[in-house]
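Residue numbers (my numbering), protein chains in the order written: chain A, 285 to 606; chain B, 285 to 606.
Any given hint could be a false lead.
[Said to hold, decoys possible] Taking CB as the label site, the calculated pair distances span:
1) B:ASN402 <-> A:GLY287: 29 to 37 Å
2) B:PRO380 <-> A:ASP586: 34 to 42 Å
3) A:PRO426 <-> B:LEU489: 32 to 40 Å
4) B:ASP385 <-> A:GLY439: 44 to 52 Å
5) A:PRO426 <-> B:ALA481: 32 to 40 Å
6) A:ALA399 <-> B:ASN402: 34 to 42 Å
7) B:ARG475 <-> A:PRO593: 53 to 61 Å
8) B:LYS536 <-> A:THR323: 55 to 63 Å
9) A:GLY287 <-> B:GLY392: 54 to 62 Å
10) A:SER289 <-> B:ARG475: 41 to 49 Å
11) A:PRO426 <-> B:ASP583: 42 to 50 Å
12) A:ARG575 <-> B:ALA481: 50 to 58 Å
[Claimed, not checked] Sample of chain A residues facing chain B (criterion: CB under 10 Å; computed from the structure):
13) SER329
14) THR332
15) VAL334
16) LEU377
17) VAL382
Source of the hints: derived by calculation from the structure; they are not laboratory data.
If you're wondering where the values come from, they're calculated on a predicted model, not measured in any experiment.
Glycine included, C-beta positions come from ideal geometry on N, C-alpha and C.
Number of protein chains: 2
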Amino acid sequence: MTGESEIIERYFRQVFADGRGVRIGIGDDGAVLSAPDGTDEIVVSCDTLVEGVHFPKQDGSGHAADLGYRCLAVNLSDLAAMAAEPRWFTLALTMPRVDNDWLQAFSGGLRECAAEANIALVGGDTCRGPLACTIQVIGFVPKGQALLRSGAALGDAIFVSGDLGAAAAWIKGQKDAAVVDLAGLESRFWRPTAQLALGKALRNLASAAIDVSDGLVRDLAHVLSASHLGARLQLEQLPLCESLHKCADHEKTVKIAAGGGDDYQLCFTVAGDRQEELERLGYELDIRLTRIGETTEGDNIDISYHGRPISLGRAGYSHFAE
Amino acid sequence: MTGESEIIERYFRQVFADGRGVRIGIGDDGAVLSAPDGTDEIVVSCDTLVEGVHFPKQDGSGHAADLGYRCLAVNLSDLAAMAAEPRWFTLALTMPRVDNDWLQAFSGGLRECAAEANIALVGGDTCRGPLACTIQVIGFVPKGQALLRSGAALGDAIFVSGDLGAAAAWIKGQKDAAVVDLAGLESRFWRPTAQLALGKALRNLASAAIDVSDGLVRDLAHVLSASHLGARLQLEQLPLCESLHKCADHEKTVKIAAGGGDDYQLCFTVAGDRQEELERLGYELDIRLTRIGETTEGDNIDISYHGRPISLGRAGYSHFAE
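Excised from the complex, chain A in its bound form:
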């Protein structure tokens, strides 16, 4: 079976034309584009959420508001990872039928997220079909200041924002409630916070960044691959969400947090001599920023837990992997 990056590489790379103001096209959290006469660059990204794949089947309008919020939030997270300021978005909504209660709730959640990020809906398409929602976000960043995956340098420290594992634990808890304490986890899954302020503050400070959507290790691997580097990770350093802290088996929970997705935190790299600046920034923004490793030569990710090498198995999520 073919994974998403392979599909893009094999079939759609050829549709990516060069020139036309495309500074970064394929292969980052968003595209970076030069307007014909602008000094800012345009950042574009899009994401689809499909019922039964990215979110549970909608039973009545129970989670419609959450879904509206989440659809936009996961797209904003891509702008955050590019250090872009959100400006506009379009919405393509496919629905099996018109359910007024569902639409009322969905649009309410969408509006809430849009208001928080100060982003305006400027167009869209609604049509009949299986429930799915594609949002495209458009943002701006001063020329040359977008945070790319490819900017990491040898020896840079690797950081992650906030804490990890809440969404993964919630999904796990749905199947086996005994494993985790579900209290407070539901909203972490449905209403993730895009790290927009942090993204902007990392301009000219971080060397590379990505948002953690498919799982920390899997997403970090994209940064390392784009930057032609390897990494050493100290997994005992991972900032765990509170519910996971309560778990007895720390090593197991750390693995959940490293492999599970849907965190929408930023994972980024910073030159060693700029960590003090970063510390001040975390303090100013009141965001936890945790050093979890450093980049190395080669293309391996060496993962240790209290000094002992451990394996994560197949960490992270691939849409088309078996």
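Fit chain B to the supplied structure of chain A, relying on the hints for placement.
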């Protein structure tokens, strides 16, 4: 049952924020947006095509290349109707499984259409789910020169480009091949030509424009409603596609052409004293431009066939109408 415009008005109007550089948001073929520091305006539009709704079920990879072409072409048609120059697009593709032959063909058709319009794919998302494709196009237009639906004036002549009815006849012919001569119609359905050159040439000449996607009369009604006008249409003037010309019942075929959708021609209004200029333009671009009526006071569309009033019934396509 609620129609698409009503859904947008009722649920999503409130998510359209004012300000933030939004000159035209909801309610035209695309949004018109001011970049923070640009002199050109940005035009954005998006459209979704869903299997079994907008195109027949895919049986193997038979029409995959056509589908790739069509997905982009219908979006380009919206840029044409705004008089915008295409620049970039994103693609969100949802597929039940990875079918390499299908993907090869689909991306080939997409590439063909992209090359013709000189537009670059800059990002996207592929994921598992029912077959559907959402494309968002981004284009540019000199400030203030976008063709809006709202610009028509009283007494303006109403024109349509090219000929009408090919796609509608093809769809009809699928069910009843006796009615129409299908030869040559298939490609008219699958590979519509967005009228990009015409759209650009109509800047500063047409007063309003829309692309004919849901049916001529239905789409014209959007222009009239946005411009607070009515219209008189002389249906015997309609430019019919060649296959329909062969039909014995001219009145019936004219109705098919007026009510059927998927033509992707431009319907536009022009001040009476500029029709000579328009004639020259049609000659230069080698595009048939046909006067089919004129705008009137009020909000009715009076439709006649050789001087006799006729009714079209429910003309045009609504996704959620029963």
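Taking the hints in turn, this is what the structure says about them:
1. Checking the proposed 29 to 37 Å range against ASN402 of chain B and GLY287 of chain A shows it holds: the Cβ atoms sit about 31 Å from each other.
2. Against the hinted window of 34 to 42 Å, the Cβ-Cβ separation of PRO380 of chain B and ASP586 of chain A comes to about 38 Å, which satisfies the hint.
3. Our hint of 32 to 40 Å for PRO426 of chain A and LEU489 of chain B holds, since their Cβ atoms are close to 38 Å apart.
4. Take ASP385 of chain B and GLY439 of chain A: their Cβ atoms lie about 46 Å apart, and the range 44 to 52 Å holds.
5. For PRO426 of chain A and ALA481 of chain B, the Cβ-Cβ distance of about 35 Å falls inside the hinted range of 32 to 40 Å, so the restraint holds.
6. For ALA399 of chain A and ASN402 of chain B, the Cβ-Cβ distance of about 37 Å falls inside the hinted range of 34 to 42 Å, so the restraint holds.
7. The hint said 53 to 61 Å for the Cβ distance between ARG475 of chain B and PRO593 of chain A, and at roughly 56 Å that hint holds.
8. Between LYS536 of chain B and THR323 of chain A the Cβ separation comes to about 58 Å, which falls inside the hinted range of 55 to 63 Å.
9. In this structure the supplied range 54 to 62 Å is violated for GLY287 of chain A paired with GLY392 of chain B, their Cβ-Cβ distance being about 21 Å.
10. For SER289 of chain A paired with ARG475 of chain B, a C-beta distance near 30 Å fails the hint of 41 to 49 Å.
11. The supplied range of 42 to 50 Å is met by PRO426 of chain A and ASP583 of chain B, whose beta-carbon atoms lie about 48 Å from each other.
12. For the hinted restraint 50 to 58 Å between ARG575 of chain A and ALA481 of chain B, the CB-CB distance of approximately 56 Å keeps it satisfied.
13. Hint on SER329 of chain A holds. Least Cβ distance to chain B is approximately 6 Å, under the 10 Å limit.
14. The beta carbon of THR332 of chain A comes within 4 Å of a beta carbon in chain B, closer than 10 Å, and the hint placing it at the interface holds.
15. Interface hint at VAL334 of chain A: satisfied, since its Cβ lies 4 Å from the closest Cβ of chain B, which is below the 10 Å cut-off.
16. This hint holds: LEU377 of chain A has a C-beta 8 Å from the nearest C-beta of chain B, less than the 10 Å allowed.
17. For VAL382 of chain A, the interface hint holds, the least distance from its beta-carbon to any beta-carbon of chain B being 5 Å, beneath 10 Å.
The structure fails to meet hints 9, 10 from the earlier list, while all remaining hints are met.
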